[in-house]
Structure formats: structure tokens, C-alpha cells
Amino acid sequence: QKEVEQNSGPLSVPEGAIASLNCTYSDRGSQSFFWYRQYSGKSPELIMSIYSNGDKEDGRFTAQLNKASQYVSLLIRDSQPSDSATYLCAVRTGNQFYFGTGTSLTVIP
Amino acid sequence: GAVVSQHPSWVICKSGTSVKIECRSLDFQATTMFWYRQFPKQSLMLMATSNEGSKATYEQGVEKDKFLINHASLTLSTLTVTSAHPEDSSFYICSARGGGLNTDTQYFGPGTRLTVL
Numbered sequence: 001q002k003e004v005e006q007n008s009g010p011l012s013v014p015e016g017a018i019a020s021l022n023c024t025y026s027d028r029g030s031q032s033f034f035w036y037r038q039y040s041g042k043s044p045e046l047i048m049s050i051y052s053n054g055d056k057e058d059g060r061f062t063a064q065l066n067k068a069s070q071y072v073s074l075l076i077r078d079s080q081p082s083d084s085a086t087y088l089c090a091v092r093t094g095n096q097f098y099f100g101t102g103t104s105l106t107v108i109p
Numbered sequence: 001g002a003v004v005s006q007h008p009s010w011v012i013c014k015s016g017t018s019v020k021i022e023c024r025s026l027d028f029q030a031t032t033m034f035w036y037r038q039f040p041k042q043s044l045m046l047m048a049t050s051n052e053g054s055k056a057t058y059e060q061g062v063e064k065d066k067f068l069i070n071h072a073s074l075t076l077s078t079l080t081v082t083s084a085h086p087e088d089s090s091f092y093i094c095s096a097r098g099g100g101l102n103t104d105t106q107y108f109g110p111g112t113r114l115t116v117l
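Chains as they are written, first to last, in our numbering: chain A, 1 to 109; chain B, 1 to 117.
Honestly, the hints are just simulated from the structure, not real lab data. Source: prediction; values computed, not measured. We treat Cβ as the ideally placed atom computed from N, Cα and C, and that holds for glycine. All clues stand as given, with none of them false.
Some chain B residues close to chain A (C-beta under 7 Å, calculated; not the full set):
| id | residue |
| --- | --- |
| 1 | Asp-104 |
| 2 | Thr-105 |
| 3 | Phe-108 |
Let's have the full structure, built from the sequences with the hints guiding it.
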């Protein structure tokens, strides 16, 4: 079982819709959770981090963490074509970081 | 804050030569730096983790004699690809841990695209 699992997609949503990206992790002891965005040919950039159960909002982005279900998600409201990218979920367990393989999102104008 | 730079951003070299890539944390001290490799349309692959003043820890399958990592200071790590071959052509990305409000966050450099002819 992989440490972090994401649906590879591709996920397509129309412009203005809500995009929902999901991630599960295997280690209940994981402490920190991150979402990165990676445009084609570029390196990942941090969107959000979340550490406790519940929702965390930053602009159009909302991260949701459910430690009991070992599940973390990212919602993108009012999706824009510029949001088209691969979204990476990352989890820190102790001193180890684990990345998912990423979900490819396409926002259709 | 939490800016990581890499140099060069792209490099083309002949087979058999060595290439050095620098990774710097510009506005924070990085307790740990990570080196990744990414082939087109594939996911990040962690190559090694380095802590300042210590030997790097390499992931399984990564040749430590081919990919030399030096982490000389809290703001600089280098990756040297020795005797590069065409199969080493890839996108090399470093990240640094530390800085900002959350010292456990990884911040990525912009990457170095290596092409070996």
C-alpha cells in the first residue's frame, strides 16, 4: 500500500465550478498535510498546509482534513482555466515526507 | 518569504561530463534539503535527503557515487551528476525544509532541466 494515494485523473471541470481533489494516507501518525500545485514543466508550489481536523480556507481554496478517515481534500471554488495543473498531496510522518502521484485538473473555459 | 533558488535553470552537456546543480534557500535556514528527479509526465521521485554537515541519505536505487550531494551550509546544497549519460536527462528539483511560520514545510526550487547529448 502506498503511503499517499491520489486519483491520477484527469479531472475536468467547467470554468466557475468547484473542483474537488482527494487524497488518502496510510499512516495514522502523520502530522502535517500539504497541497502543492505543479504546472507543466514547472516545479511544485505550495498552496496550503493543514494540521488539524476540519476545514482551512485561503481565498478560493479550502483544505479539509479528516484524521479518523485518513483523508485530506482540496476544494477549488470558482475554478479558472489558470487552475489547470497537477495537484500533489503530501504528508509528513516524523521526518519523512510522502508525495502522491498527483491529480491532473483541467478547467474548461 | 521561503524562497528557494536553483542554478542553473537548464544545462546541456556532452555524455561523460559532470554537471553541478546548486540549490539555495534565500531567506531562511534550511535544516534539510531534498533532491528530486522528474521525467516527463511522471511523478516526483525523491533521490536523496541531506542535512547540513551530514552525509546525504539516498533512496533505494539511486547511485550515491553518481549523484554526489554536498550540503555545506544551512543555505546551500549541491547535486553533482558525475559522468552524465543521456538517460540522466531529466528535470531535477530541490526543496528545502524550514522557514516561514511552519518549519516542517518543503519549499521547492524552480528546477534544473538537464539534457545530456
